Every structure is written in C-alpha cells, then in structure tokens.
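The primary structure of each chain is shown beneath.
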Amino acid sequence: MLDFHGYGPELLRGAIVTTELAFASLALALAMGLLGASAKLSGSRAARGAATFYTTVIRGIPDLVMMMLFYYGGQVLMNQLSDYLYYNHGIDFFVQFDPFMAGVLTIGLIFGAYMTETFRGAFLAVPTGQIEAGRAYGMNRFQVFFRIMFPQMLRHALPGIGNNWQVLLKTTALVSVIGLSDMVRIAEQASKAEHAPFKFFIPVAVMYLSLTAITELAIKWLNRRANAGVVGGI
Amino acid sequence: MPEFLAELLNQNEIFNATTVIHYWGGLVTTVQLVFLSLVIGLFLAVPLAILRTVRNPFVSGPVWLYTYIFRGTPLLIQLYIIYYGIGQIEGIQETFWWDIFRDPFYPALLAFTLNTAAYTTEIIRGALMATPQGEVEAAKAYGMSWALRMRRIVLPSAFRRAIQAYSNEVIFMLHASAIASVVTIVDLTGAARDIYSRFYAPFTAFVAVALVYMALTFLIVYGFRRLEQHLLKHQRPLNQ
Numbered sequence: 001m002l003d004f005h006g007y008g009p010e011l012l013r014g015a016i017v018t019t020e021l022a023f024a025s026l027a028l029a030l031a032m033g034l035l036g037a038s039a040k041l042s043g044s045r046a047a048r049g050a051a052t053f054y055t056t057v058i059r060g061i062p063d064l065v066m067m068m069l070f071y072y073g074g075q076v077l078m079n080q081l082s083d084y085l086y087y088n089h090g091i092d093f094f095v096q097f098d099p100f101m102a103g104v105l106t107i108g109l110i111f112g113a114y115m116t117e118t119f120r121g122a123f124l125a126v127p128t129g130q131i132e133a134g135r136a137y138g139m140n141r142f143q144v145f146f147r148i149m150f151p152q153m154l155r156h157a158l159p160g161i162g163n164n165w166q167v168l169l170k171t172t173a174l175v176s177v178i179g180l181s182d183m184v185r186i187a188e189q190a191s192k193a194e195h196a197p198f199k200f201f202i203p204v205a206v207m208y209l210s211l212t213a214i215t216e217l218a219i220k221w222l223n224r225r226a227n228a229g230v231v232g233g234i
Numbered sequence: 001m002p003e004f005l006a007e008l009l010n011q012n013e014i015f016n017a018t019t020v021i022h023y024w025g026g027l028v029t030t031v032q033l034v035f036l037s038l039v040i041g042l043f044l045a046v047p048l049a050i051l052r053t054v055r056n057p058f059v060s061g062p063v064w065l066y067t068y069i070f071r072g073t074p075l076l077i078q079l080y081i082i083y084y085g086i087g088q089i090e091g092i093q094e095t096f097w098w099d100i101f102r103d104p105f106y107p108a109l110l111a112f113t114l115n116t117a118a119y120t121t122e123i124i125r126g127a128l129m130a131t132p133q134g135e136v137e138a139a140k141a142y143g144m145s146w147a148l149r150m151r152r153i154v155l156p157s158a159f160r161r162a163i164q165a166y167s168n169e170v171i172f173m174l175h176a177s178a179i180a181s182v183v184t185i186v187d188l189t190g191a192a193r194d195i196y197s198r199f200y201a202p203f204t205a206f207v208a209v210a211l212v213y214m215a216l217t218f219l220i221v222y223g224f225r226r227l228e229q230h231l232l233k234h235q236r237p238l239n240q
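Protein chains in written order, with UniProt numbering: chain A, 1 to 234; chain B, 1 to 240.
Derived from the structure by calculation, the hints contain no laboratory data. Among these hints, one or two may not hold up.
Cβ pair distances, simulated, as ranges [what the hints assert, rightly or not]:
1) B:207 x A:159: 28 to 38 Å
2) A:141 x B:36: 45 to 55 Å
3) B:165 x A:217: 22 to 32 Å
4) A:19 x B:237: 44 to 54 Å
5) A:95 x B:58: 13 to 23 Å
Calculated cross-link-like contacts (lysine to any residue; reagent style SDA-like; alpha-carbon spacing at most 25 Å) [stated by the list, open to error]:
6) A:170 x B:94
7) A:199 x B:94
8) A:199 x B:89
Since the model is a prediction, treat every value here as computed from it, not as a measurement. Virtual Cβ for every residue (Gly too), placed ideally from N, Cα, C.
Let the hints inform the model, and build the full structure from the sequences given.
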C-alpha cells in the first residue's frame, strides 16, 4: 500500500531532524522570551527600548527573508571574522555556518519576540501582593523570581507558549529552503525524482498534523498540572 | 525614470537602475499575490464561516476538516503539493487549465488563497459565535428573516469583532508570501535572492528587501488602525 520507493528511512530521518530543529528553536525562543520580557518590565529605559526595538523589527520581517539573511550573511560574517582573527592575532578559528544553525537562530529569534509578549503578560498577571509577601519574608530578588514569580507566571504563559509552539513547528518547514535535509526537503527531492508529489508530500503533511496533535495533548497535560492549585469558578 | 535618479543610481554598485527595477517588479508581484489571495480568501471565508457554525455535523464537519488540515500543515507543503501536483493530474496538459497553471503565479495564488481562507474562516467563526444573544433576539422580535438578520445584524457586528484578528492574518499572509520565491516566482524575496546571487552581497540584498517588507507591514498596521477607528467609532469614550 505505502511504497516510498526506498525513501522511507530517509523520510523518517528527516522527521527526526525536523523535531530536533523545532525543540532547539523552542529552547532559544523561551530563553529570548524570558530575556525580552524581563527587559520590557525592567526599570531601565535602555533595556525597554532595546526589547521594543527587537519585537517590532522581528514582527516586520518575513521569516524566510530573515533566515536567508542569517544563512548567507552569517557565512560572510564568519569568513570575515575568521580572516581577521587569523591575520591579526594568528588564531585559526572557523565555524561552518550550516542551515541547522541558521534555522535555529532565525526561528528562535522570531519566536523569542512572540514569547516576549506572552511572558510579559504572564509576569504582569502575578499579583504584586505575592511579590511583596516574598520580600517581607526576607527573600532576595532571585528567590522571589524562582519561588514566586516563575511558577505562577508559567500558568498564565502556558496557553500562549502552546500557540507559539504550534506555529513554530510549521515554520521549521522553511529551513528546507536553505538546504537542511528535513522531511520537507527529502520529500521534495523524492517527489522530483519519482514524479509522485502526492505520495511524498501527503505523508509529510500527515506527520506535521500528528506532531501538532501529540504536542497539543502534552500541552493540555502541562496545563492541567500548572493549574492544579487553582480553585475553579464553578 | 527621471534623469537625476538614473544618474544617482549609476554611481551605486548594487542599487543601479537595473536592480531597482528588478526589486520594483518583485514588489508588484508580492502585492498582487497577497492582495488577490486575501480578497478571494475573504470571499470564500464568509460563507464557510457561516456553514461552520451550523449545528448539523454533516454541514459543519467538512468545513472543520478543511480548516484543520490547512491550519495544521505548513503553507510550504501546501504550495509544493499544488505546484508539483497540478502537473500530475492526468490529461490536464491538454486542457486550457495547463496554460494557466504552467505559470507558477497561479498555483501559488491557489495555495495562498486556500490557506488564508482557512484561517479567516476560523477568525470569522469566532466572531460569529461571540454575537450577543440579545442582538439576535431583537432582530427576531422585529420579524427579520434569517437572511436579513445575517445581513443587517450578525455579519456587520461579527466583522467589527473580527477586524483585529484579521489584521494579524493580513500581516501573516504578507510575510508568508515570501515562500513564493521558492517556486521560481520573482516576488520581493525572489528579487533579493537574484541580487544576492549576482553580487554575493547578502546583507545589501536581504536587508533592503526586509526594509521594504517592514514598510509594507507598518502600512497595513496603520491602515487597519484607521479602519478600526472608523468602524468602532461608537465604542470610543466620549472625552476623546
């Protein structure tokens, strides 16, 4: 019934690459989001300005354009840095800028901007009285952050993180354009070679649908856990 | 092109008259593609959203499946399936459809239209579901038929509620249209790729195009803000 003309294992490997890419980007996006949200909520005007600039610029540029800028431009910058280090300091340092890195960097930065807004709203949803109570117990800023702010913020942030994740997962398909052998690229090559686009692209589409469905269940479970202490209205 | 502008451009290594015209062509293609798919998508989405709210699962089910599939898979996959798939339909190469779909613009337009129609359907559906019961009851009390009620009360109030989410969808579509360059369409991104490969100047090529996209995005944001001010005038506080 299902005949992938020998491309089956490669498609599966591509699916693993897609998943790795998605999780690596998510990690960067969460880190950038926390950083951005704390900058936006900080007292420093420079930090607030930088964070606003970051989220505004990111929302104005298409993901594909940014990905190409990072991939092609990143390599040029890397070459220049490498030349500079070698000729001026005699250091032999070179990193090949591969599509995976460019992809993680782009998707992480883009969704970091969206996560910034999510986290900002979530931090604001934590009642100030709780923070004051923590300070009154003699906790320092980090203790207040990790014991009070963070666990309570997570409850408000989870639905937003879930939405962003669903979009992020679909955005990973773009990295095939700059040459990463994820499942989209494998399917494209296979369908060109075998003249059978439906045979290869439809399973990939189903794969994306099931990835979103599975992670949706996981998010629901996390949500239930995070809301365990909340007394329901009804 | 005016004389002085041509002279100015000729002094620039990358942004000379030829490349600027190339970029301009890309801008025109991008705007055409995005505008057409949004307009057709909106016209498809309104009836679909109404069907989606119908209680009978045999009516709303297929619409749900359509929006689920098109919102759950990457647009790139949808574009590939349509772009590569149309040529595989048996016998299409002998019909007039082939003359249309041989040009990559139309498969891309079809993919973008179906995608944005799915998202817009869900946006309008959400707005329809949020219609205050009192408005519907009042319309019924006036003896309005279903169609009249829909046209005069339910849809206008739903559009007002949907406009914020729809402006996000428009921006999303503008950004997603960059994918068109993958199937050899010379849109803005396609023009940037051409110029990058000709001059090997990634920053100049892509930053220039990113600025154009940014300007378009802010133009859309501004336009929708004006439209919102106009449509939601009755909700503005009096002291403003």
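**Report entry** Hinted pair residue 199 of chain A and residue 89 of chain B, Cα distance within 25 Å
**Finding:** holds (13 Å)
Query - Range hint compliance [Cβ, residue 95 of chain A to residue 58 of chain B, 13 to 23 Å] - result: violated (57 Å)
Query - Distance restraint hint 22 to 32 Å, applied to the beta-carbon atoms of residue 165 of chain B and residue 217 of chain A - result: holds (25 Å)
Query raised in the report: Is residue 199 of chain A within 25 Å of residue 94 of chain B, Cα to Cα?
Result: holds (23 Å)
**Report entry** Restraint status (C-alpha distance of residue 170 of chain A to residue 94 of chain B at most 25 Å)
**Finding:** violated (36 Å)
Query raised in the report: For the pair residue 207 of chain B and residue 159 of chain A, does the Cβ-Cβ distance stay inside 28 to 38 Å?
Result: holds (35 Å)
Query raised in the report: Per the hint of 44 to 54 Å, is the separation of the Cβ atoms of residue 19 of chain A and residue 237 of chain B within bounds?
Result: Because 49 Å falls inside the window, the suggested range holds.
Query - Assessment of proposed distance window 45 to 55 Å (beta carbons of residue 141 of chain A, residue 36 of chain B) - result: Holds: the Cβ-Cβ distance is about 54 Å, inside 45 to 55 Å.
Consistency with the previously given hints fails for numbers 5, 6, ordered from lowest to highest.
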